[in-house]
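**Q** As given, the protein sequences belong to chains U, A, L and W, one line each in that order. When you line the first sequence up against the numbering used here, it's residues 4 to 210, in that order. When you line the second sequence up against the numbering used here, it's residues 43 to 713, in that order. When you line the third sequence up against the numbering used here, it's residues 67 to 379, in that order. When you line the fourth sequence up against the numbering used here, it's residues 2 to 175, in that order.
Simulated from the structure, these hints should not be mistaken for lab results. Check each hint, because a few of them may be wrong.
Claimed, not checked - Only part of the chain W face toward chain L is listed, based on derived beta-carbon distances under 7 Å:
#1 V14
#2 P19
#3 D20
#4 S23
#5 S24
#6 S81
#7 F128
#8 A129
Stated by the list, open to error - Result set (DSS-like, lysine-lysine): computed pairs, CA atoms no more than 30 Å apart in a straight line:
#9 L:K95 / W:K7
#10 L:K115 / W:K7
#11 W:K104 / A:K421
#12 A:K626 / L:K351
A virtual CB, placed ideally from N, CA and C, is assigned to each residue, including glycine.
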Amino acid sequence: MDALFSRLTMTGASAMLLLALVVMWRRHVPAYVTAFRTQSVVLAFVGAIVAWMGEVPELFLVAAIILGLKGWIVPRILAGMEARRPDDRGLRPLVNTEMSLLISGGLAVAAYELSRPLTEVVSLPTRSGLPIALALILVSLFIVVSRRQVIAQIVGFLMLENGVALLALLGAYGVPLVVELGVFLDVLLGVLVMQALVPGMEKTSAG
Amino acid sequence: MSEAALATALTACAAGAVLAMVWPSGAGARRLSLASACAGCSAALVAAITVLQGSLSWTWRSEALLQPLGGVSLRVDPLGAFFLLIVAVTGAPASLYALGYLRHLDGQVRGRAVHALFNVFLAGMCVVPLADNVATFLFAWEVMALSSYLLVVSDPEQEGAAAAGLWYAVMTHAGFLALLAAFVLLGQGGPLEFPAMRAGAATLPPASQGVVVLLLLAAFGSKAGLVPLHVWLPRAHPAAPSHVSALMSGAMVKLGVYGTIRVLFDLMPPLSPWWGGAVLALGVATALTGVLYSVAEPHLKRVLAYSTVENIGLIFVGLGFALLMRAYGNGVLAAMGLVVALLHTLNHAVFKTLLFLAAGAVIHGARTSSLEGLGGLIKRMPHTAVLCLVGVLALAAVPPLNGFTSEWLTFQLLVAGARYTEPALAIVLPLALAAVALVAGLAAVSAVRLFGIAFLALPRTDSARDAHEAPAIMRAAMLLPAAGCIVLGLIPTLAVAQLTAVVSDLGLPMGQLDTGFALVLPLVGSQLWPIAIAALLGAGAVVAAAVAQTSRGPVRTDTTWNCGRIAQSPRQEYTAAAFAEPLKRVFTGFYRPTHEVSLDVHPVSPYFVRGITLRADFAPWMEQTLYTPLIRAARWVSGQAGRLQTGSIHLYLAFLPGALLVLLLIARWIR
Amino acid sequence: MTPIVLAVTECLCLAIAAPAVVGYVRWLKARLQGRRGADFLQPYRDLRKTFAKGMIIADTTSWIFHLTPCVVVASTVAAAALVPVISASQPGDQLGDLFALMALLILGTIFLALGGLDPGTAFGGMGSSREMTVAALTEPTLAIAILSLALTAGSTSLGTITNTLLTTPANAIGPGHALALAAFLIAMLAETGRLPVDNPATHLELTMIHEAMILEYSGPYLALLEWAAALKLTLLLTLASNLFVPWGIATSLSAGALALGLAAVLAKLALLATLLAVLETRVAKLRLFRVPELLAVSFTLALLAATSSFFTR
Amino acid sequence: MQLFTKILRTGIVTEPLPDRASSAVMLAREIDRRARALFGRALAIRQVDAGSCNGCELEIAGLPGPVYDMERFGLHFVASPRHADMLLVTGPVTRNMAVPLRKTYDATPDPKLVVAVGDCARTCGVFAGSYAVVGPVDRIIPVDASIDGCPPEPADILQGILAALGRIDAGRRE
């Protein structure tokens, strides 16, 4: 049972990591939004699994909120922004594609090495997914650093948030519900604020 | 038995050297000296095989010779015998080859000198792996270095020979100094005999242990061509006569490997894992650098030189792995790593000898050494082409030739390492595996480029068009290593069986590796049966050919289809540079290519272009970043030193007491 | 004795089925393009026709030109002999393992490239250069994918990998396996010259990789080369299905088990071929200099696979 | 995803071909039995533009498309005459293209067929008598079937090819 549990969560986690890698490979911004939507859905799925197999009922609620907020509302907002910005498909990232991919591979490997002490103290069956969550966080940070399009950076930030949520889910079966809700509000506000600011940022950063 | 054989070998080389000088007729001098060199190699081969078979070891000591340095002492053990074997299998074909290759030098003093030096070179290389004390080792090492240096600069009309010789001399002597320092440190003031060092090395303080390893890596690395000390290889190999390049690349470079193994595995106790990791990383870096340059290099012999660098890198990957495992106390894997490294040393010696001899035949026959000038040789030099194809396929590490078996074992090694060790390694070794795989793939590219551009399609220059086949003796000489490639490829256990003696003599538990004709690795539960694969390939090829013959359609010859153009010219062929272009773009960060295009336009209008010249090259950033500052520093220091020479005799006299005083103070301070 | 017979039959099965796989992919692509297309037997007709046609030897070529088709066929067949098809009892393991299979495929590629260089045409050289480049850049991915399989199965020999997965199916759940499969499939697309790396149906010499090398071949030689290409595709698809999803493969030599194994491998092949056709309908060909990016993707996947399968084993 | 929903909605648009060739197709010579057996349902075509105005090329470009779908008859275009069984020649043969056309014919392994497409290929059309034109295709290489029209419709071209293969009977004979 535990073996299945850990493997399922681990599969979900690595699916999320792969969806972060999509941003490295594609140059088409809408693909980034799709990747983020899918990733959030997977996150909700992982949350549901933890809630079910780890007997933590309130996580079902959290999963539902994730699904609604990050899987539906936020992507809608992002798509709206995307529609309103100039086409810059030719815009190269600061680091070329091969390098970014190899770097993210390296980051993932490093995450495995870094999180070994963590996995040793945690005794939950989900601990084998912790390195992947850490890798997801590192990779999303790298996205924020290395992309030029502001939307890509926002997506990176949101994926970072997903990574943190995943770490909380796998490491401690999620943080208390109140905190979780607060975080969701922050995310929503953050996205709305960015939506307002994007045009200005485009001018400064894209050049 | 082996003593006698060894004595014969050394006497034969000495006799060859003398005969080359004194024999009245030039042709006779050539024949006799090279024949005796060949005889010496055969004798050395016999000695090596007897030692390896019986896994016996004997020592011989003479206080008289080299008396001031503490006498000569030789010790033949399986490890030394294995490298003696390598020297022999490389030297015999090289000396046969030279019989035909240097015929044009008959009657010149230069010819006699080359033959004599060749014998001296061989003798030196035979002694190095047998030396049992520092004096003998350094003496033989220096004989080897000096004779090879003279051979490199032996051809005056070879362009760049002097510069190449300078690079080589500087590198090899810097290495010599490092070696001296390392041995002195290792000796700890005791007698500089290997047995004493072996006994005392355990008590070496870790700090100086690190220094010793570093110095030794520098010394032997500069001989073996480890990055970044590889710069002399691509310069010296093209300058030297081809049979000498074969000997240098096949045997001399390998003696750097020998030194590393002798000191790190025999004389010194297990080191900290970091050193193993460092050697592994060094090997990977060397292999990648070598193969990337060999893919892009236009000069035939420089392609081969860089591929030697690559293979040295692969050998050091095996060594580093063995060091790691020895440090972690995993004897079986350490033994396996050492076996793989040694097997690849032998395989590379065989096929690289073949390739350099073939390159010599090409340059001899087509009178040009740039790939861009060759082409179509397969029609003018059919036998050389077949032999070269064998060598090239071995270089590309494809079955059923010998390059493949050691490549395969290297893969298995890294997989086994990743399975049986703790996380730290499990993260390093996959990267090493990926690098080795990439090296294998790029080596295949380089091999196809070498053979396809030089031998296939149409000749690109007149000299290539009327190239002539090499004389029979040279082809016969190339036949030996070609046969070696095939036999070692089909029956790798022949060599592996010899290696078990070497490894167990070094005190490592030999995991069961060979049964009959198939290589079986119980460790990773996989096996390789080259003969069966070869049989399968042969059967498939025969069936395919038969099927192709059965078709009833008419067969006719026609001009090559080139989209309806009137005539086909060599200018339509893909050049060597064009062949490497995609990789140059992929690895542009490594090559740092430089392009300069200049248009020659008609005075009337810039739209009438008369000619376009494109100069494409890549920046030698390793030389620029590492060696240019060093050279500048050396210049500066010598400039400062020049200041001392004011010309006033009194000042010069004042130097004497000053120096004396300083020395006394130093001596006082040491006590 | 039986295993040997079985191995030979398996090899023959692959050899015979190969054109049908290609034909099926073509037919499905035609359907997805709204065309009627030719049925899956068309490649057999083409091969029969090409075999019976006359042959033209270019006057600039050498014996390499004649040797190439034979060696390409031989190496592909030898590689096919290593692959478990219907039964997991693998006499092929006596010959060699996955790395040997890799090397055999490279042998074929090398001779194909030499054959492309031999006539001395511009397009032939171009094809050889590109083919070798792609092959070289694919090697690391394959090696790492093999490593991650070997880490879970404890061996690099194909039969052992299959059997281990059959006995401990839990290994299949979890990221390592899926990632390795994905990496392997991408590398396979590059190795066999399918979209998005190379367009098997192109007529534009400048975009060719595989096709450009065989422009000079005609008649029986051409037929051999085309058939070898089909066999390579089929054997790699079979490899993917039996190494990563071995279920259904015969573990005993009873007739029923063998029949089931045959059905299973056919079903898996059909599924993979359908995926291939759908993918080739969906994606466009990459620029040659974006191919390394694709290979970097698959390499990263393989690296993640190796690392995670180390930690989960 | 939208792509595949669209594919499903569109379905197959290939149009059936009448089994008797239109009068535009003229058969110069019967295909011999062996070649007919050989090319029964597998034929590789190399298209040669011997100096046409590219009107015929535009029509030929329709053949592999969904509507006319030559692949259903086992026909496909190839990149080299070495792979080809049939040359599909268009245009009046200009002086510059005469030699390449000849070489292409020689470069095609036997047995082989030639189909001349368009008026120009048979009669040089409006270009007849021009100093730049050598003559119709059959002046340079033997032609098995020709298809009239300036340019001929894709259906006619398809019927011409099939008639040359003897799979449908031609509209006219010489």
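**Q** Could you tell me which of the numbered hints above are not met by this structure, giving the numbers in increasing order?
**A** Structure breaks hints 2, 3, 4, 5, 7, 8, 10.
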